[in-house]
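K.L.:
Okay, here's what each chain looks like letter by letter:
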Amino acid sequence: MTTVGTTASTARSVRPRSRRPWTPSQIVLTLLGVAVSAVFVAPIAAALFTSLKSEAEAAEIPPHWLPKVWTAQAWKALWSTGNLTNWFVNSLVVSVCVTTVVLVVSALAGYGFARTEFRGKSVLMGMVMSGLMVSPAVLGVPLFTTVQQMGMVDTYWGMILPQCAPAAMVYILYKFFQGVPRELEEAAFIDGAGRWRVFLTIVVPLARPSLAAVGIFTFIASWNNFLWPYMVTNNPDLMTMPNGIATVMNSYGIQWAQLMAGGLMAGLPLIVVFVFFQRQIVAGVAHTGLAGQ
Amino acid sequence: MERPELNRRRLLATAGGLAVAGSFGFAALGTGADALAAGADTRVRYWNLFSGGDGANMIAMLDAFRKEHPGIAVKDSTLQWGNPFYTKLAMAAAGNRAPELGVMHMGRVAGFSPGRLLDPWDIELLAKYGVRQQDYNPALWNRGVIDGRLYALPLDIHVQLCFYRRDVLKKAGLLGDDGLMIPVTSTDEWFDVLKKARKVQKKGLQTIGLWTNDQNFQWWFFVAFYTQLGGQWFDDARTQVLFDADKATQVLEFFRKHVTDGYVIPGAPTGEQFINGAPFTWEGNWSVPVFSGAKLDYGATPLPPVFGRQATHAESHSFVLPHQSGRGGATNEAAHELAAYVVTHALQWAAGGHIPAYRPTLSTEAYKTLTPQNEYVSAMNHQATEPKVWFAGSTGVLAQDLGPMVVSSTMGSAGPAAVAQRMKKELAKLLASKNPMDGRTAAQGGAVA
Amino acid sequence: MTTSAQTVLAPARARTAAATATVRRKQGFQHGGWFVAPFLALFVLFVIWPLLRGVYLSLTDANISGEGASFIGLDNYREALHDQLMWDALGHSAYFTLLVVPCITVLAFLLAMLAHHIERGKWLWRLCFFVPFLLPSTVAGNLFQWLFTQGIGMFNHTFGIDTPWLTDKSYAMLAIVIETLWWTVGFSFLLYLAALQGIPDHLYEAAKLDGANAWHRMVHITLPMLRNITGLVVALQVLASLQLFDQAVVMMDFGPGPELSTRSFVQYTLEQGFTSYRVGYASAMSIIFFVIIAVVALARMWLLRNREEGGR
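Chains as they are written, first to last, in full-length UniProt numbering: chain X, 1 to 293; chain B, 1 to 449; chain Z, 1 to 312.
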């Protein structure tokens, strides 16, 4: 919460009306920044340029940066083979569902742990904390057999539901709800409002920035998730983008121009979203991370 | 000022709501966009592992099939070759969500739990579409028969070959009058050939590509030369390891010498080196379309019999029916029809370098004039294959465990004699281990045909 | 305003506290239980149950088909402890962690300092440094596989070298480390940047008045103020790095790398489970891995508590 505030305020205060002059140290720092940025962007730029080459040109030795002949063949081929559009839809379906369920479930649980009393709360809280150490990477095989038993291998639900119990998100919201002044709620209780109404009309609106952070972070994580969808889906029709790109090769062999175009298509949605919602996302990442301090 | 802001917000909220509702609806349907679009046609899902030139040939054959059978929607998916493919196929079959048709290396069939993860072929249906047992080499057909039922329908035989550049070898005087590479019968002769080739080749390239870093190729080459030496793996009862460490050492030292004598640049991409002028490369026959496509003047023979006897590593692609609890009906028949079509129209497949398993294809004039296919078709008569045990087969446990050991010797990380001993120890361990699918060791007949 | 609200609310709170206490006792589980129930249901199904199931499976010889497992006691654990390949895989994961964590921490800090101190175009630096993190792991892996391929790869070409990055065991892990730095440093960078922006300006101003130069200000103000966040970055990176899988398998075409040199613990576990079909054995390795991760996590908590107590 505090980070959201500070980043927002610094973002504003950093841009003074009258620009400060270019001091020598600023010039050096800016040049350094440009150089480092170039290093970071270069691989993506290389991918973009390669995706605009013909396949033969993309495999030339030695390689070169700019296409000699600019062509959109790789992008067209992606659309015509159709797999990628399928995977795109699948990624969207899975990520939206995961984000929605996580938001609802972890907001409720975070509030429940922070503000309500029930038997065995501390034990359950401890259990949730221990869940922070479990991930598909750690417990993949048993998790798979569990999902297999439920008959959910190769289904959307098999991909979605196991991603919907993130202890970390509950913990972040739990921390936030603990900081909400009790007075606000109790005033409403006096007015005769029930727990649920207080939660929905007072607490949730207050928590919007935190919920946005959790939602954004969950969406990024789910969109980019590879390991679990890789384990639980075998049917190429149901694969998400990261999984499909990695495991289903183009039938004509590794075609770098197409592979790069596909990769960019998988990465672009989040990059575009980032450009538009940069402030919220930065705050969100910082927030989710800082809550763990 | 307020109005548009409000409207935009409402619009965003509506769009978000629709996205959420749509996503949940889609997830509830659960079939994926492509299956929805396929509609009422008989849909055959067909998983394969063919990339490169093979992939292109397979797609051409599928397109021809589609044209002749408009009522059958073929959905082919090419998965990453090797472990990901077998893992995905096994898991799909175990989860009862398998495709109608799949491709598998024959060596893997025994360990793939036929009857549980694989369904048997319906011989009568196959015959209806023109595929009968008598059209096959009996030994090959029988590799796919387990407990009296056919589980794997052979498509081809593919072998490891010694590719050579005719233009370079001619300069070195290594071509015979027939335009083919002169025969080599001992290691000394072989290294002599390499030495002569190196003298005339383009500088900066390696003399021969050996896939020194690749555990699969190194393992296949090992199987080939170990078989040339007459090496054995196990006794018939599968209780004893007969692996001959001395012979294995001989093979490993042979590989290593290519590196120490500087004929190989470890890690250099072998195919590209060959195309650019490296005189030799050892590759699977699937590289034929690549090299032919590059308009090279080249030939291909079985791996040279440097230990005195012909033998080259061979495997077969075959069609399988991954287990579906409700297998049957129109989709099952369509799967049979598709497999039979591809098997009987395999001339196109032969262009990919593979030796067709369906014998009528082999005797056609068109096949007999294919080069360099006609130069190495004899390889099918002296195949070196892995032992028939549950842990064998393409990228199977055996190859996975022993392949890296061969690589470590060839690359010089470990001495050949020590590696041969380690291989023997590992073989003993594998022989004693139980097939996880049925809990039986190889000696107890753990899923051996 | 706050004072008036408090004076109004204070007696009210005293009253309702007593009232709600009785309400709570009457309603028992109801409220809190229902809030927590949906999450707990998912949590039990997909975290607790698999964990227990993993313990059970690790004591059997279960295979991938999910039928016909028999109890074999601690055999799997005994085998695992003698499995040189498992120790190798653990070694690779640990080696990767040792290389990545210090590099990423230092790099993230330097990038954050840079972005924090350049006055113009903050959004641009943030975008450039963070963008790789937005790519799926497999896309980043493919990208670097291509960059590192000999011949067609841009990396060797740019630096005028001919290193066999992906095919030689002495370089393969290094290639994965470089990829990981590029791909994930953005996240830690943002954490550092947020922390830097959270340091109150007046600290620096006071130090300036005392005549402290830029170096002193960094050593005596910035670094101490960043101690907590550094602990967090290191902890998150250690846990994430130990779980190395995605980028390694993608860059190595799902193989174990040259001479098995990049096979991580997670990869070896999944190979045992899904390639060799030995679900029982793979579960035993999963449990071993869970214990390792838990020890690391608990060690961090213990360190944190110690420091807090020391600070007091």
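In short, the hints are calculated from the structure, not lab data. The beta-carbon is built from N, C-alpha and C at its ideal position, and this holds for glycine as well. Check before you lean on any hint, since a few could be wrong.
[Said to hold, decoys possible] Straight-line alpha carbon distances no greater than 27 Å define the calculated BS3-like cross-link-like pairs of lysine-lysine that follow: (1) B/K424 with Z/K169; (2) B/K128 with B/K196; (3) B/K247 with B/K202; (4) B/K388 with X/K76; (5) Z/K122 with B/K257; (6) B/K75 with B/K128; (7) X/K76 with B/K257.
[Unchecked claim] To list a few chain B residues with every Cβ distance to chain X over 10 Å, as calculated: (8) S77; (9) K88; (10) M91; (11) R97; (12) C162; (13) I182; (14) D214; (15) G415.
K.L.:
Kindly indicate which numbered hints from before are broken by the structure, ordering the numbers from low to high.
P.N.:
Hints 2, 3, 4, 5, 7, 8, 9, 10, 11 are the ones this structure does not satisfy, whereas the remaining hints hold.
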